[in-house]
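J.: One-letter residues, chain by chain:
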Amino acid sequence: MIQTPESEKDMSTPAQPSSLASVASAKPQRTQASTAQGTGLEARGIHAWFGKNHVLSDVNLEFSAGSVTALIGPSGCGKSTFIRTINRMHEFIPGAAMAGQVLLDGKDVYAPGVDVTKIRLQIGMVFQKPNPFPSMTIGENVLSGLKLAQLKVENKDELLESCLVRAGLWNEVKDRLNTHGGSLSGGQQQRLCIARALAVSPQVLLMDEPCSALDPGSTLRIEETIRELSDSMTIVIVTHNMQQAARVSDYTAFFLSDGGPGEMIEVARTSEIFSQPKDQRTENYVTGRFG
Amino acid sequence: MTTTIAPTKPWAKSSRDRVRDFSFILISILFSFLAVEVTPLKGKLAYAFTFFLSYAVITGISAFISRGAPAAKDAMIKTVVALGAALTVLPIASIIFTVLKNGLPGIHLSLFTTDMSMATPTDPIATGGLLHAITGTITMVILALIMSVPIGILTALYLTEIKGKFAGPIRFLVQAMSGVPSIVAGLFILSAVLYPITKAYSGLMGSLALTILMIPTIARTSEEVLLLIPNDLREAGTALGGTQWRTVAMIVLPAARSGLMTAVILGIARIAGETAPILLLTGGGDKVNPNAFNGPIGSLPYYIWKSFNAGSPEALTRAWAGLLVLMLLVLILFVAARALSSRKVSK
Chain A
4 MIQTPESEKD MSTPAQPSSL ASVASAKPQR TQASTAQGTG LEARGIHAWF GKNHVLSDVN
64 LEFSAGSVTA LIGPSGCGKS TFIRTINRMH EFIPGAAMAG QVLLDGKDVY APGVDVTKIR
124 LQIGMVFQKP NPFPSMTIGE NVLSGLKLAQ LKVENKDELL ESCLVRAGLW NEVKDRLNTH
184 GGSLSGGQQQ RLCIARALAV SPQVLLMDEP CSALDPGSTL RIEETIRELS DSMTIVIVTH
244 NMQQAARVSD YTAFFLSDGG PGEMIEVART SEIFSQPKDQ RTENYVTGRF G
Chain B
-1 MTTTIAPTKP WAKSSRDRVR DFSFILISIL FSFLAVEVTP LKGKLAYAFT FFLSYAVITG
59 ISAFISRGAP AAKDAMIKTV VALGAALTVL PIASIIFTVL KNGLPGIHLS LFTTDMSMAT
119 PTDPIATGGL LHAITGTITM VILALIMSVP IGILTALYLT EIKGKFAGPI RFLVQAMSGV
179 PSIVAGLFIL SAVLYPITKA YSGLMGSLAL TILMIPTIAR TSEEVLLLIP NDLREAGTAL
239 GGTQWRTVAM IVLPAARSGL MTAVILGIAR IAGETAPILL LTGGGDKVNP NAFNGPIGSL
299 PYYIWKSFNA GSPEALTRAW AGLLVLMLLV LILFVAARAL SSRKVSK
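Sequence order for the protein chains is A and B. Sequential numbering from 4 applies to the first sequence in our numbering. Sequential numbering from -1 applies to the second sequence in our numbering.
Excised from the complex, chain B in its bound form (with noise of 0.2 Å):
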């Protein structure tokens, strides 16, 4: 005789259960629509608080007639917990709906195909795009990577497989330096070289004081990720008879390679928004200009201040709109480094 025995779960929350909980969730809201009529607390965040409140204190007299006191503790802690939770995302959900709200209605094809050359403040919102912001964000982003990532990869290296005499003051160096405030590294490029050097906005300034920035991010993250590299491979490649050279590049290096990505786009997230060193730099400019050596670059922050200043309706819209897109830039990247980097670093 055989029986067939159906899977169960014991331990999963039954439909009494569930109906429970859904009637605390109700409860809560209903005593949070309460107490903002009655007493004077007023706003999004009262009705927010509130619940948070009610919905603690209905859990913890609940847990604590079925289970008595640790049980009711456990509940109330899970909601301050939630509640810390909440607190994190709401003002990211916040600003997010914000600006696809003033950002969608000044999205248009033409915005990624023409600049604002031919275009005033007050033009109709059709007329004139971003195209030359887009291009110079782009353009002194890859600069700023040209000399970044090879910088910050060997200061990685150096920092854990030379592990030289000096790694633990470069490792509080970089450390304090992905503290340092832009405007500073803005200020310190604009007077160590544009105004001695170059004496001309360029891109080139832009891309230099971004670097700056970028060099701390990409060098630490690097460092993690060859951290994570077992040793086993380094001394299998050197038993082997590879120099410590040839193994750091043939061994080390391809198996942190997908953690190397990742460190590369964190820096470019980093700086993709960065505004202050932008606005000592670049000079702005209206036109879309190839050249990231010579004349005013524009670029997308640039391009949202000077919108945000000039006034007019139009231009709000406008800025909003170049805030969208700088943030879709961002989010892309970002969720390409999630995307590398969930991958395995070795094996």
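Next comes chain A alone, as it looks inside the complex (with noise of 0.2 Å):
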């Protein structure tokens, strides 16, 4: 069953919630990938504040290695600082503040003397707008990591052409890698920015909302991608499409506010959420009768 994504909107007619349902348990159950790094992602006790403002509050998560977890929920409770949090990157913020611990092969990335340019290293990030950088051509964009951690690798050609491969890239732009990466379409400047995350080989790839700016075909490669991705390493991705959620991830975390902080309401198989969620709120959700 093929369908193009939607509007979460479009989701209120009363087939959608069984056909979302069908969509996740249509997909081949993988076996947990085993070549897969590390040992998976836990989140402990996770709270979020930006200023004395509550926005997130005591998160539990674990990812195990190799699996593609999405996080769902409406605008504004805590999703995407939730996986900012986990890379490091809610420091950035002004007046932002945490609790908790996020553990990466079993070590807190927040613990005193962790080299925090390593974990966002281990731990890449896609983000929700395209943002190649645009003094760099295509093959700079893709090797920036590596320049900007100052790592040295054997082949660079190599490596160049195996990450876009892997973003599904390298047949559209294997011709032109000195150009600009501002040349590119917008969905092609996502899976740019992608193959950029994959050069530094992380064990985790963060993605906030990485197809709400594309069209859909752009957002069916990149799902593509994700999938191909999810043999060698750990995914969280935030959507707001529920039907990518449906197609890509093997479990679903649901988070809402209700005018407090965020809350991760359930988490199962992405399967079961779709067809028997076990909390009110989420089959509310999933069912598009709120949110």
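I should point out that these hints are in silico values taken from the structure, not numbers from a laboratory. Beta carbons are placed, not taken as given, at the ideal position from N, Cα and C, and that holds for glycine. There's no promise every hint is true.
Said to hold, decoys possible - A partial selection of chain B residues facing chain A, derived with a Cβ cut-off under 7 Å:
hint	residue
1	Leu238
2	Thr241
3	Ala247
4	Ile249
Claimed, not checked - If you want the footprint, here are the derived chain A segments under chain B, 3+ residues with CB under 8 Å:
hint	stretch
5	122 to 131
6	193 to 205
Fit chain to chain and form the complex, with the hints in mind.
T.: Printed below as a string of structure tokens:
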């Protein structure tokens, strides 16, 4: 069953919930990837504040190595804030504060003495808006992470090709690696940003609504990329598109804010979230009754 | 059946409208001549003033007849706005015209190949030249650049990237510094460096004062350019495992390159014609002095000042020619700055 992504509002028809569930269960059940690096990621009791504003309360989530987890929920419920606490981008915002632990391979990334740049090398991030570096060519963009972190690699050309192939962009750009990234379409730019994140071989990839600015064709292309990547890394994806969550993720976590700080309401296998959610609020959301 | 539809512009002025507008202008010109003849108003400004006044009244009346009071107000305000623009352009055009008229007779080829060391103010125009002044100005500007560009850009980086505790006071000080009169900068260097330390005129002294004047321009323009760089890029760089310094050096500064270039050029344009500190600190000199660290050095503003003071007709022509060269130099820099800044800052 092929569905093009639609806006959430279109999901209020009664036929939709069962179809989302069927999308989720129609996916071939993947055996947990054995090639994934590390032993996974765990968030324990994460709270977040902006100034005095408590935006996220007590989130506990485990991401096993090589899994794809989708975070869904209405706008402003703290999904993006949550993934930004994972790779310590949260502290970038003036007035930000947090509590809790983020364990990568069992070690807290917030522990004193941890090199934050190393954490960000291990936990890569793809942003909502494609943001290739304007002063660099396509090839330089892909390899920019190595230069930024001053890493050395044996064979740059090989790495460049493998990253672009894995991001599903190689065939489109292989003849113009020396042109600037700004000349690509929005979807291609986003895949370039994914390739850029892959070049430093992170073990976790965080994606903050990576397809929200893209057309359906580019979205499908990136979803394919996500599925291919999940063989070798742990992926956490924030999305407003529930069909996307149903299509790409193994697990889905539902976040909600009832005016106060955002909370994680429920997490389960994606097929369960969309077919038999335990919480009434989750059911209301995935069936399109609100949000 | 296919009909070809020709593109039209129903909103464009018809030829009748154009004739009417033109006749309004003619009537206004006529009226302004009449007013100057009849009334005690005299001079070029009187023509311009009565022209604008009558044009405002005529267009206002015409608009009132055809479309009523709001349209009349609209037409009059349009004229007042045009008057404002004209008032801005008039002095600039007048300056350029005067300098060209007085300076062109003094322009000749050897101006750029010889200096004034073997010529006196009363010598014919064709003897002597501006080489010492041009090279002196360029030497001092380059020295000032070497000192002020790093300081200015680092200040801008502190304000936009580090956003340290003192960003507020520093921003305020930099803004205040851009209002410092140039003579103050000159006196400061005179009393703080020249008298107590070097005890001699040199190009370096002049450059130090120019640096003080140049830093605020470069720092403020660079700050504005850096603020235009989207925060996404900084976040992307950091999320890839770059330290802040690597991110700034590899991503932010290259993205802002053309804007920073503009900042530098605006800085040069700010100081190229600066006169007061030059008079106090460089000692002038009529000979080409390639060493900015030793001995008096000439410069265009100094040369212009000196020639005007000499007072002979030849010296006056030389001064105007120097002004023309100086203005061309600044003009070239401004055109270059505009060309660079019109390129997009990012993407």
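J.: Has the stretch 122 to 131 of chain A got at least three residues whose CB is nearer than 8 Å to a CB belonging to chain B?
T.: holds (count 5)
J.: Confirm or reject the coverage of the stretch 193 to 205 of chain A by chain B under the rule of 3 or more residues with a beta carbon closer than 8 Å to the chain's beta carbons.
T.: Check passed, 4 qualifying residues.
J.: Would the hint on B/Ile249 stand, with a C-beta cut-off of 7 Å toward chain A?
T.: OK, holds: B/Ile249 within 7 Å of chain A, min 5 Å.
J.: Quick one, is the B/Ala247 hint okay against chain A at 7 Å, beta carbons?
T.: Since chain A brings no Cβ nearer than about 10 Å to B/Ala247, farther than 7 Å, the hint is violated.
J.: Holds or violated: the hint that B/Leu238 contacts chain A, with Cβ atoms closer than 7 Å.
T.: The hint holds - B/Leu238 has a Cβ within 7 Å of chain A, the shortest such distance being about 4 Å.
J.: Hold the hint about B/Thr241 up to the distance rule: shortest CB distance to chain A must be less than 7 Å.
T.: The hint holds - B/Thr241 has a Cβ within 7 Å of chain A, the shortest such distance being about 6 Å.
Hint 3 from the earlier list is the only one contradicted by this structure; the remaining hints agree with it.
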